[in-house]
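All chains, please: the whole structure from these sequences, using the hints.
Residue numbers (the numbering used here), protein chains in the order written: chain L, 1 to 365; chain H, 1 to 299.
Hints in this document: simulated from the structure, not taken from any laboratory. Glycine included, C-beta positions come from ideal geometry on N, C-alpha and C. Among the clues, some could well be false.
[Unchecked claim] Using C-beta positions, here's what the derived DEER-type ranges look like: (1) H:TYR281 x L:ARG136: 34 to 40 Å; (2) L:ASP17 x H:LYS123: 17 to 23 Å; (3) H:VAL100 x L:GLN96: 24 to 30 Å; (4) H:PRO13 x L:PRO313: 54 to 60 Å; (5) L:LYS174 x H:ASN23: 42 to 48 Å; (6) L:ALA115 x H:VAL214: 31 to 37 Å; (7) H:LYS123 x L:ASN170: 32 to 38 Å; (8) L:SER178 x H:ASN230: 56 to 62 Å; (9) H:LEU30 x L:SER245: 55 to 61 Å.
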Amino acid sequence: MASHMSADPSVSIRDLDLRFGSTEVLQGLNLDIGEGEFLVLLGSSGCGKSTLLNCIAGLLDVSAGEIHIRGRNVTWDEPKDRGIGMVFQSYALYPQMTVRGNLSFGLKQSKMASAEIDKRVARAADVLQIEPLLDRKPAQLSGGQRQRVAIGRALVRDVDVFLFDEPLSNLDAKLRASLRVEIKRLHQRLKNTMIYVTHDQVEAMTLADRIAIMKDGVIQQLGSPNEIYRSPINRYVAAFIGSSSMNFISGMLTADGFESDDIRLRMEGYAFDGVGQQNGAVELGVRPEHIVSGEAARSLPFNTEVVVDVVEPMGSDTQVWSSMGSTELRFRVDGQSELSPGDRIQVGIDPAQACLFEVTSEQRL
Amino acid sequence: MADTSTARDPNGPKPKRLLSRRNIFLYGTLGLIACYYALPLYVMIVTSLKGMPEIRLGNIFSPPVEVTFQPWVKAWAEACTGLNCDGLSRGFLNSVIITVPSVLLSIAIASVNGYALANWRFKGANVFFTILIFGAFIPYQVMIYPLVIILRELGLYSSLWGLVLVHTIFGMPILTLLFRNYFTSLPEELFKAARVDGAGFWGIFLKIMLPMSVPIFVVAVILQITGIWNDFLFGVIYTKPANYPMTVQLNNIVNSVQGVKEYNVNMAATIITALVPLTVYFVSGRLFVRGIAAGAVKG
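As structure tokens, this is what we get:
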């Protein structure tokens, strides 16, 4: 993502602290977001991601630290003076105003000439294809239309930075997928900096240039979706990413490789790109989609035969639940394969695709 | 195909019996309680339409044999209180002059209070709110004498404006609570969106919050109209006879010790006085319930 990391970051957060009373929500947070970058703040509820977004927007006063937008220190600025537009989860459209009224409200507040307002509203309506809705009230719109208007309200402000606070969480699955693509298309077209908060890892993976995974007010890992998927920095990140979560197998790491009651695996081809090799108690993480099954498994450094316990067909592929000794094991097989509970199947693990985590620090080795 | 000759299998809506034990009990109880509450009103209306001779017969539940509106005319325009013999009409006007500005002023201030407390968490907001709520639980009587002194010092004692001020102050705790809870229940993101759009304290209040708050304003208006209209204590303490509100006039008519007790006039006078709040309830009953539910006491 080198192109996004130009010399001057678009948004820069420096040593940010936020406390509510004695509760530390954000502590010493640093984050630089490049010009035109799409950054996703990802985490489960209560991790501080929305709080961080509200701080960037100026809706919450920070306890310590600075926020810079486009090289300007905006820490004490009002939201309207920060050059940001924001889209909320509940759309937050003004119910008594028409769509046109909603789009132009902010511009009228800044005493803009009405010709310019009309021009901007027309442009936003064109980009988002909401011209036919301009004279309707929000109550007359569907969820997807409402969210489009909410995006339009940010668009007319002609700002550098867009902030999205879980904008798709109130929509049903199908609409979410289609609006997700629209947001991505919008970003490709406008090339604005966008900061997007979500708890949905699919949204994060599909939209982001970089993802910041947060937990307890701290950014755990910041990287491209691929980096985060391939080499999660710790066990939390590994478990969070992946639409069916990673298998974890407890064991010991020795000079010979990984060892547990059920598995013995030489770590050939494993990168040790985390804190490096440390022998001792570890957990081996393997994503379900990286477990090879059937005849192909026989060529891998580790393979064994397991009994199918539960089969979850999902169309394109099928998730199989089984166990290896005392460890539960999930893996993916082709959607057309006809497995049923009780069947025996060969599975294999490629160490190059696996992750090793130290047990106490949960850091990647 | 279903066999229709045998007893009907469960299918479609479950049949309900109109005269089930549950229905009889439910509607019976409701009817009984309704009668219990409606009976005094019935007696009042019936008595107010009778002449004194008929009343002396003592059959208070029997309908009037000879309907007369003379007691109503007398109550409105002729009944004597002290030196004046112009009935309730004088008090009615005073009550209007007291009620209208009191309602408007108290609601205007309380709505801004509630909005500030709900959306702008300023320093000391919690302390301020606690003190205000505490005020709602202090009996009025404690504050009567200090208020007399305050009004005297302000030069407002015994004027209508003094009474307006008193009503505004005493309406503050409950109205602020009402508005605060309502504004708290509105989505916070709406407020945030308006801030990002550049609206300030008054801009958000007037352009975003007010248009969404019609139900709670209706509730506040009803509460204040009925409360202030029905007030007797403040009316009698903080004004002079020329400015007495209707309730005080009513008391003076009903409780006059001279001459015959004219029950029909008393009943008519009472109904006339109660007519304003009654009308307000009937006209806005549905809105009232909806608004009360919206402003229900939440966190």
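Hint check:
no., hint, result
1, H:TYR281 x L:ARG136: 34 to 40 Å, "holds (36 Å)"
2, L:ASP17 x H:LYS123: 17 to 23 Å, "holds (19 Å)"
3, H:VAL100 x L:GLN96: 24 to 30 Å, "holds (27 Å)"
4, H:PRO13 x L:PRO313: 54 to 60 Å, "violated (38 Å)"
5, L:LYS174 x H:ASN23: 42 to 48 Å, "holds (46 Å)"
6, L:ALA115 x H:VAL214: 31 to 37 Å, "holds (34 Å)"
7, H:LYS123 x L:ASN170: 32 to 38 Å, "holds (34 Å)"
8, L:SER178 x H:ASN230: 56 to 62 Å, "holds (59 Å)"
9, H:LEU30 x L:SER245: 55 to 61 Å, "holds (57 Å)"
Checked against the numbered hints above, the structure violates only hint 4.
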